[in-house]
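According to UniProt numbering, the first sequence is numbered sequentially starting from 1.
One should not assume that every hint holds.
Claimed, not checked - Below, simulated DSS-like cross-link-like pairs (lysine-lysine); rule was C-alpha separation at most 27 Å, straight line: (1) K585 with K638; (2) K559 with K262; (3) K559 with K536; (4) K596 with K585; (5) K633 with K596; (6) K559 with K534.
Said to hold, decoys possible - Taking CB as the label site, the calculated pair distances span: (7) N649 with E622: 24 to 34 Å; (8) W592 with E496: 42 to 52 Å; (9) V655 with E496: 41 to 51 Å; (10) A605 with G538: 51 to 61 Å; (11) I312 with S527: 51 to 61 Å; (12) R138 with A605: 55 to 65 Å; (13) Q663 with S721: 16 to 26 Å; (14) K634 with N730: 14 to 24 Å; (15) S111 with L183: 29 to 39 Å; (16) V655 with G334: 21 to 31 Å; (17) Q663 with K262: 46 to 56 Å; (18) E503 with N649: 34 to 44 Å; (19) K638 with R243: 50 to 60 Å; (20) E503 with E622: 26 to 36 Å.
What the hints contain is simulated information worked out from the structure, not anything from laboratory work.
Glycine is no exception: its CB is placed at the ideal position from the N, C-alpha and C atoms.
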Amino acid sequence: MQCTLLRPKFFCYSVALKSNCLNPLKTLISYNSTQIKITQKQIQRFHDSLSSKQHEKQPQLLGFIDDLKDERTLHTLHGRVIKSGSIVDLNVGNYVLSLYAKFKDLGSAQSLFVEMSERNVRTWTVLISGFARIGLFRVGLDCFSRMLVEGVCPNGFTLSSVFKCCSSIGLVYNGKAIHGWILKHGIDLDAVLKNSIIDFYVKSEELDYANKLFECTDCVDTVSCNIANMESGNVESSLGMFRRLSTKDVATWNTVISGMMKNGFEGTALELLYEMVKEQACFDEFTYAITLALVSSLSILGLGAQLHARLIRLRFYDNEYIRTSLIDMYSKCGVIDKASVVFKQMPQGLSNKHASKINGENLKMDTVSWSSMLSGYAQNGRFGEALEMFCHMVREGIGVDKYTLTTIVSVCADYGFLEFGEQIHGLTHKVGYKFDLVFCSSLVDMYSKCGSLGNAQTVFDQTVTRNTILWTAIINGYAFHGLGKEAVRLFQMMLEDDVQPNEITFVAVLTACSHAGLVDEGRNFFSVMKEVYKIKPGVEHFTCMVDLFGRAGYLDEIKNFIYENNLSHLSSVWRAFLSSCRLHKSYDMGKWVSEKLLELEPLDAEPYVLLSNMCATSNRWEESARVRSSMQKKGVRKHPGQSWIQLNNQVHTFVMGDRTHPQEADIYSYLDNLIGRLKEIGYCTNLEQVTQDVEEEQQEMFLRSHSEKLAVVYGIISTTSLTPIRVMKNLRLCTDCHNFLKYTSQLLGREIIVRDIRRFHHFKDGLCSCGDY
DNA sequence: TTAGGGTTAG
1 MQCTLLRPKF
11 FCYSVALKSN
21 CLNPLKTLIS
31 YNSTQIKITQ
41 KQIQRFHDSL
51 SSKQHEKQPQ
61 LLGFIDDLKD
71 ERTLHTLHGR
81 VIKSGSIVDL
91 NVGNYVLSLY
101 AKFKDLGSAQ
111 SLFVEMSERN
121 VRTWTVLISG
131 FARIGLFRVG
141 LDCFSRMLVE
151 GVCPNGFTLS
161 SVFKCCSSIG
171 LVYNGKAIHG
181 WILKHGIDLD
191 AVLKNSIIDF
201 YVKSEELDYA
211 NKLFECTDCV
221 DTVSCNIANM
231 ESGNVESSLG
241 MFRRLSTKDV
251 ATWNTVISGM
261 MKNGFEGTAL
271 ELLYEMVKEQ
281 ACFDEFTYAI
291 TLALVSSLSI
301 LGLGAQLHAR
311 LIRLRFYDNE
321 YIRTSLIDMY
331 SKCGVIDKAS
341 VVFKQMPQGL
351 SNKHASKING
361 ENLKMDTVSW
371 SSMLSGYAQN
381 GRFGEALEMF
391 CHMVREGIGV
401 DKYTLTTIVS
411 VCADYGFLEF
421 GEQIHGLTHK
431 VGYKFDLVFC
441 SSLVDMYSKC
451 GSLGNAQTVF
461 DQTVTRNTIL
471 WTAIINGYAF
481 HGLGKEAVRL
491 FQMMLEDDVQ
501 PNEITFVAVL
511 TACSHAGLVD
521 EGRNFFSVMK
531 EVYKIKPGVE
541 HFTCMVDLFG
551 RAGYLDEIKN
561 FIYENNLSHL
571 SSVWRAFLSS
581 CRLHKSYDMG
591 KWVSEKLLEL
601 EPLDAEPYVL
611 LSNMCATSNR
621 WEESARVRSS
631 MQKKGVRKHP
641 GQSWIQLNNQ
651 VHTFVMGDRT
661 HPQEADIYSY
671 LDNLIGRLKE
681 IGYCTNLEQV
691 TQDVEEEQQE
701 MFLRSHSEKL
711 AVVYGIISTT
721 SLTPIRVMKN
731 LRLCTDCHNF
741 LKYTSQLLGR
751 EIIVRDIRRF
761 HHFKDGLCSC
771 GDY
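Start from the sequences, fold in the hints, and give me the full structure.
Put into structure tokens, the structure is as follows:
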């Protein structure tokens, strides 16, 4: 093994090789790359090697765990080592403590802190900065006070964290006092500490102090750190500092551009990039990676493709970050096939350094690039490929991590794959991953979109810290299930919990109100959103409001609402209006609305279909036919209705009149028999749904073979009577099918759950959760 | 100091 070929991080590796520790390390490394459960025996071997080796090598060995990014191994080792009394050494204790802090596991860090017999300034500092990192600023400051009480003198690292705590919770006075204390004791201000103090003054809006400190420095570090930590409010001052620098190296440019982008100032970031080109500053691989990220967030495919061509000519094309950024850029610009080409060109296995170096062959592939490609497929609606990639990653031992899991769970949510989603949830438990907030949000969303609101609530309850997204996911779940009052109650609980709602939360709340007929509440939330939270209503909010008024039958109010708010250019608003006209059988208004809609979207099938259905409902067959033929002449095609059901890890899809299923004969004969029995208990066909002017008998034929009926019947004949039947549909459920399902649930005593494009319908004992609203 | 993949609506 030649050390010169290894990157700096692998220095530890060479040390370990020299100290004859290859076996336990190899075990850990292969554990990390294959995600295989580590055995007690292996831990024992690692532990033995820890205690038998020379004392001074311990921190370096533990450094491996740092490199492995593996919390569970760390816990196991910590437990074992503590038990055997090996960690008595202050340095090793501090090291493990810093790893816990890095993994944001402050609970474990605190218990270790208590266990330690000896503590120094570093011990305290690690704990304080750990609390600051997870946002527990007050706790961090309490620690700082205790440290002073115990007579431990802070150093630059400690004070940096303390300033961060002060600025984050607005303790201007305390921060100033600490600055005074530093000056009084003549403590040397290094670049990092100076930056922290400047940052503190900037965030505390004490710009004079900040500038005064800044004037006596020309340290690039200070400015860059400050820019990297900037928040939206500080963009101006950060930019100002950047401009006043006499020399700007490429790292500084990169930091400021990436900082701008991360804070949502993409335009400024792009301008700075062009400025960089004008000043003939040389791009490095970081600059290219940042530029690609910018291109994807702005969706500038042309620029992305130019960069791609340029990167091929440069040595940077071998860089794994660059390749992954390219995959992401193409995926986000919607050119998934190009992304796939870049992915396939990747030297598979090379990017997983551990495996390739240890085994001397390229067996393992890279989790990040695979996850990136997987997410590309998911974003572009190619769920088949996404699922296939995920299974491949698990089967072939390419590690999956929280990113992969979150992505695949969101795929399950979108397509209603409950079984698969449950399996992933189980797998995650089994492997012992620590659930993070993002993953939990996607689980909540998955369960609620797959009809399992109870499980969504359980995951939500088990999550201790909750942010806006998690709350929004659960509120949206209740809204989707038609439980408007509960959704509103949750929203109020969220506010009591001091979590700020965002624009998406309000979409969820307004949807809840509209589905539950809570018109006054909806109107109130709409104005609270504008006036209290200063959120400018977007298309979604306006559409929700129109839907809210429309379902409740306030059709004239909608007209005023559209003109008052200047919404006549928004087709989604007219579309919601049209649905309401149809719901309330308001033919004349509907005709007028569909004309408006057709002006905006001449190629959209929906206004034609709705209008023609409306004509049919009021027996205007000729006009209905005219609308249909004009639609055909213009080449507008109706989006075909589809329903699907997942059974035994397979998805069965049906369209109207489908005869392609292998069990079609069984399905149709059961359906005929079922309809006969349903008619005996009062079900009668609702012919209003049929749009063709045909004989009554034929009309029944059309209704009989609607895709949702076929999917539900297939579910009935394929499962036991205790299993709820879960069917998904890509359009809205029609009135006749709705009726059919109510009677079926009553006759067979079965629970049927249908997810249509708008919401869930739970059929039980002859009733539906939507209350026929 | 600086670079890659994930969550809530539609």
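Against the structure, the hints:
1. K585 with K638: holds, 22 Å
2. K559 with K262: Distance ~41 Å between K559 and K262 Cα, so the pair is violated.
3. K559 with K536: holds, 21 Å
4. K596 with K585: holds, 18 Å
5. K633 with K596: Since the Cα atoms of K633 and K596 sit roughly 19 Å apart, the hinted pair holds (cutoff 27 Å).
6. K559 with K534: holds, 25 Å
7. N649 with E622: 24 to 34 Å: violated, 49 Å
8. W592 with E496: 42 to 52 Å: holds, 45 Å
9. V655 with E496: 41 to 51 Å: This hint holds: roughly 47 Å between Cβ atoms.
10. A605 with G538: 51 to 61 Å: violated, 25 Å
11. I312 with S527: 51 to 61 Å: Since the Cβ atoms of I312 and S527 sit about 55 Å apart, the hinted range of 51 to 61 Å holds.
12. R138 with A605: 55 to 65 Å: Check passed, 57 Å falls within 55 to 65 Å.
13. Q663 with S721: 16 to 26 Å: The hinted range 16 to 26 Å holds for Q663 and S721, with Cβ atoms some 18 Å apart.
14. K634 with N730: 14 to 24 Å: Between K634 and N730, where Cβ atoms are some 23 Å apart, the hint holds.
15. S111 with L183: 29 to 39 Å: holds, 37 Å
16. V655 with G334: 21 to 31 Å: Hint holds: Cβ distance 27 Å, inside 21 to 31 Å.
17. Q663 with K262: 46 to 56 Å: Roughly 53 Å apart at Cβ, these two residues keep to the hinted range, so it holds.
18. E503 with N649: 34 to 44 Å: Since E503 and N649 have Cβ atoms about 37 Å apart, the given range 34 to 44 Å holds.
19. K638 with R243: 50 to 60 Å: Check passed, 57 Å falls within 50 to 60 Å.
20. E503 with E622: 26 to 36 Å: Given range 26 to 36 Å: violated, Cβ gap about 45 Å.
The structure fails hints 2, 7, 10, 20 (numbered hints given earlier, in ascending order).
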